[in-house]
Amino acid sequence: MTAIKAEDILTTLQSLELIQYRKGQHVICVDPKVLDRHLKAAGRGGLDVDVSKLIWTPYKRQG
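Residue numbers (full-length UniProt numbering): 1 to 63.
Just so you know, the hints here were simulated from the structure itself, not pulled from any lab data. Glycine included, every Cβ here is placed at the ideal spot set by N, Cα and C. Hints should not be assumed to be uniformly reliable.
[Claimed, not checked] Taking lysine-lysine pairs in the BS3-like style, the calculated list, with each CA pair at most 27 angstroms apart, reads:
| # | residue 1 | residue 2 |
| --- | --- | --- |
| 1 | LYS33 | LYS23 |
| 2 | LYS5 | LYS53 |
| 3 | LYS60 | LYS5 |
| 4 | LYS40 | LYS23 |
[Stated by the list, open to error] Pairwise CB distance ranges, derived in the manner of DEER restraints:
| # | residue 1 | residue 2 | range |
| --- | --- | --- | --- |
| 5 | ARG22 | GLY45 | 18 to 24 angstroms |
| 6 | SER52 | LYS23 | 33 to 39 angstroms |
| 7 | ALA41 | ILE4 | 31 to 37 angstroms |
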């Protein structure tokens with residue numbers, strides 16, 4: 001199990017300018033220029049990921 005929380009994802013998306021706060025909720029809304037900038041910075045390569053193996057469950061605080 002991972003210790004990634006929803007707040008971690010939100011903070012990351014905010015820092016990358018990939019999410020905005022509108023009408024009381026967070027909305028993924030990406031300016032194409034921002035997306036192009038991130039894609040250019042990422043370059044080519046990386047790991048192949050089998051998305052069928054990805055399973056995410058929200059963090060449940062114990063106690």
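So does ARG22 sit 18 to 24 angstroms from GLY45, Cβ to Cβ? 35 angstroms, violated
Regarding SER52 and LYS23, is the given constraint of 33 to 39 angstroms on their beta-carbon distance met? 34 angstroms, holds
Within 31 to 37 angstroms or not, the Cβ separation of ALA41 and ILE4? For ILE4 against ALA41, whose Cβ atoms are near 22 angstroms apart, the range 31 to 37 angstroms is violated.
Given the hint that LYS33 pairs with LYS23, test it: the Cα-Cα distance must not exceed 27 angstroms. Distance of about 24 angstroms is within 27 angstroms: holds.
Is the Cα-Cα distance between LYS5 and LYS53 27 angstroms or less? 19 angstroms, holds
LYS60 paired with LYS5 [C-alpha distance capped at 27 angstroms]: At roughly 9 angstroms apart (the allowed maximum being 27 angstroms), LYS5 and LYS60 satisfy the hint.
Please work out if LYS40 and LYS23 have their alpha carbons no farther apart than 27 angstroms. With Cα atoms ~31 angstroms apart, LYS40 and LYS23 exceed 27 angstroms; violated.
Hints 4, 5 and 7 from the list above are not met by this structure, while the remaining hints are.
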